[in-house]
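For the record, the sequence lines run as chains F and C. Position 85 (the first sequence) corresponds to 85 in this note's numbering; numbering is contiguous. Position 111 (the second sequence) corresponds to 560 in this note's numbering; numbering is contiguous.
Note that these hints are calculated values from the structure, not bench results. Backbone N, C-alpha and C fix where the C-beta goes; we use that ideal spot for every residue, glycine too. Among the hints, erroneous ones may be present.
Stated by the list, open to error - Now the in silico label distances, taken between C-beta atoms and shown as ranges:
1) F:Asn237 - C:Asp615: 23 to 33 Å
2) F:Gln58 - C:Asp695: 30 to 40 Å
3) F:His243 - C:Glu511: 50 to 60 Å
4) F:Ala94 - C:Asp693: 54 to 64 Å
This is what each chain is made of:
Protein chains: 2
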Amino acid sequence: MSIKMEKLVALCHRRGFIFQSSEIYGGINGFWDYGPLGVELKRNLKDAWWQDIVRCPQGGPEDRPISMVGLDSTIIMNRRVWEASGHATGFCDAMSACKGCKKLFRTDFLTDRVVCPECGGVLTEPRQFNLMFQTHAGAVQDDASMTYLRPETAQGIFANFRNVTDTSRVKIPFGIAQIGKAFRNEVTPRNFTFRSREFEQMEIEFFIRPDTAGEWYQFWRDTRFKWWQSIGLAGTNLQLREHDRDELAHYAKDGAGTSDIEYKFPFTDPGFGELEGVAHRTDFDLRQHAEFSGLGDKLKYYDQEKNERYFPHVIEPSAGADRGTLALLCEAYTDDPGRPSGVVMKFHPRMAPIKAAIFPLVDKDGMSEIATNLYTDLRKTWNVQLDIKQNIGKRYARMDEAGTPFCFTIDTQTLSDQTVTVRFRDTLEQQRVHISQVRAFLYTAIGNP
Amino acid sequence: MSIKMEKLVALCHRRGFIFQSSEIYGGINGFWDYGPLGVELKRNLKDAWWQDIVRCPQGGPEDRPISMVGLDSTIIMNRRVWEASGHATGFCDAMSACKGCKKLFRTDFLTDRVVCPECGGVLTEPRQFNLMFQTHAGAVQDDASMTYLRPETAQGIFANFRNVTDTSRVKIPFGIAQIGKAFRNEVTPRNFTFRSREFEQMEIEFFIRPDTAGEWYQFWRDTRFKWWQSIGLAGTNLQLREHDRDELAHYAKDGAGTSDIEYKFPFTDPGFGELEGVAHRTDFDLRQHAEFSGLGDKLKYYDQEKNERYFPHVIEPSAGADRGTLALLCEAYTDDPGRPSGVVMKFHPRMAPIKAAIFPLVDKDGMSEIATNLYTDLRKTWNVQLDIKQNIGKRYARMDEAGTPFCFTIDTQTLSDQTVTVRFRDTLEQQRVHISQVRAFLYTAIGNP
């Protein structure tokens, strides 16, 4: 890991953003928990996505509001879903074992495919290893009850395509969006939360007429890129990378294109890593489900305008909520030797886990009561924190590490003129604001939560 | 199933609240998906819980704001967590198999424990069956890599107790709250979503001084009961049931009490079913983790005020998000032969999946453009729906089935005086409101989303 990454991981643990799962039992490889600050940060990311994608999507190449509905399908599905999707047979990584130390390695991560990078022993020939977690639903553990934890949320959307069109009066073009956990039994989990075995996706399957694939592909690629910019990844660490034709997934070979929205994580390798993939999946998935379910043409969409039945094509913007959270953490992390904490987390205000902190300068003369009243009022609308004890420098330092954009301090002057100090996280500027204007100040600076 | 339940299940499918998982493959027993309306309903429930529990908890027997932080731990944990909690050995149901038809039955659901209720064959002696889903984390499926899907979110909180106290400066009394999926391999999933194999919990572990257990137990029992009332379960279908001493879980035998908040579901059996349990779990779980992790007294809480180390006691209000959603659906369901739909879903406005619908009376004279503009503005704040086609009666009927509290219609009069009709779902009353006042109307009626 790079030095910056080591410092970030330490801060994440120290301040309660991210812990190793089951840490008191020595952890479990590839699983991470979100602490009090982390869960709020990740919630803000997911809530912003739901608001901007499902409830209020903007723009679109056609002159009417984008049509989008939500869905929440289960992690465990009938295994035939994964036979149809191709995952049961094809979702594999090649893996080599060391004949000496018995360790396993993902073949494509090995620089030398003959010699074990750990002990120098001889490696076996690569073997295919399916990445899906297996389990059994039902009392008897046999082949009939075997199924999988989903490796992507997308198939829950395809499997419900007909249910949604039958019940929601959506008309093409429209999207179905979902946030949920997915599981991949990665051979080599690594780079903190970037490659985890349990992770959360934010996926859109956008259903379109086949002849409009080009414009919708471009629309979603550009819209999603701008969205990540809008929540704080505004700098040069974010890039859009169009895939070469020979990189494309089998279902996308004939498509309008595939691109990755990538963030430059401070890992020693691989540098830029995928935050979100935008792919033209053609009609591959719906055709597969039509075939495997035996429903055939009944899974086709009936286009009233054209009086025609067809399998719609799909543009899929598929984002990682954990990778997004990690990118927000990396982007926010700013060394600043001038501050007591030595570091400040410069989150976009919409993403910041704590929007504001309220401090009495000292715990006397009724300052704590004024602070408590202000806190009690503000927390009806925003996630705010009250901190009464410790010297003010230490309290500011904690809020710098938490990435809190504004700190309001009640001091002696407050007692005479009802103004409080507001301290701006990024500039360290301080202003006085009348206590009755704090709510209006936050509405302007942050908006609704 | 009762007739009401049958009608509700049909409506849930017809209008996109709840579908059977993997329906196009014949489903999978005990798994349910939330469609476009269902996902919004369930989100509203979970968001209200997060807001009212984590970000802005009210009241408390002590004279200061309740202290609560959030957490999001993984579904798959180190299996030692489940050895410590007792689930690996004790989380079992007794099960009997039929020697004739080979079917399996939960013994405590059998009225006759000798004869198969399906075919009349002879049943085997009851055997213990562990309800946890098993899986393997890692490339090799062996005993070392075996672990479980969590059967409750609570243990993720206990396992992180020290991480949270080390990083968040919380002081007893305080709570850690979590929303997340849990899995139980129920032998007999039934009653729609009530007893599912994959479900979502909303759990609080509230850590207290042992000598304050009585007052905090009462506080949470009463607070949680009132909360369910506040979101629409206000009638006699909600009840609080204090457990008898002999019903208590092993860890609660010496506690201040356990109670269930129950809702009278329209099942043929069992009538009242648990929505949420409030239990005094004593210090059982933390002691177990202290022992099994080898950390011993390091898992104790250091009480600065008392200068004392101890294992805090725990009051656990543990609610089911799916059961809560189902209760909201049941409570809202109201037969009304006077309406074209024959039924209206009377959701509390805060819970309603769609807060308002906007209709042009007819699609001409610019009414659709006015409707679209109003829709585009309102959806920045609320989940609203635009519906342009069909006769107005059918559109009202759809919104009655969706439980939309308000419908705004743009008609001929709008063109001359800029007023729109607002139709109230429950009373069918209609009023005219100036189009510039619709936003203010909704703020008053619903508040922030």
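Against the structure, the hints come out as follows:
no.	hint	verdict
1	F:Asn237 - C:Asp615: 23 to 33 Å	holds, 31 Å
2	F:Gln58 - C:Asp695: 30 to 40 Å	violated, 59 Å
3	F:His243 - C:Glu511: 50 to 60 Å	holds, 58 Å
4	F:Ala94 - C:Asp693: 54 to 64 Å	holds, 59 Å
Checked against the numbered hints given earlier, the structure breaks only hint 2 and satisfies all the rest.
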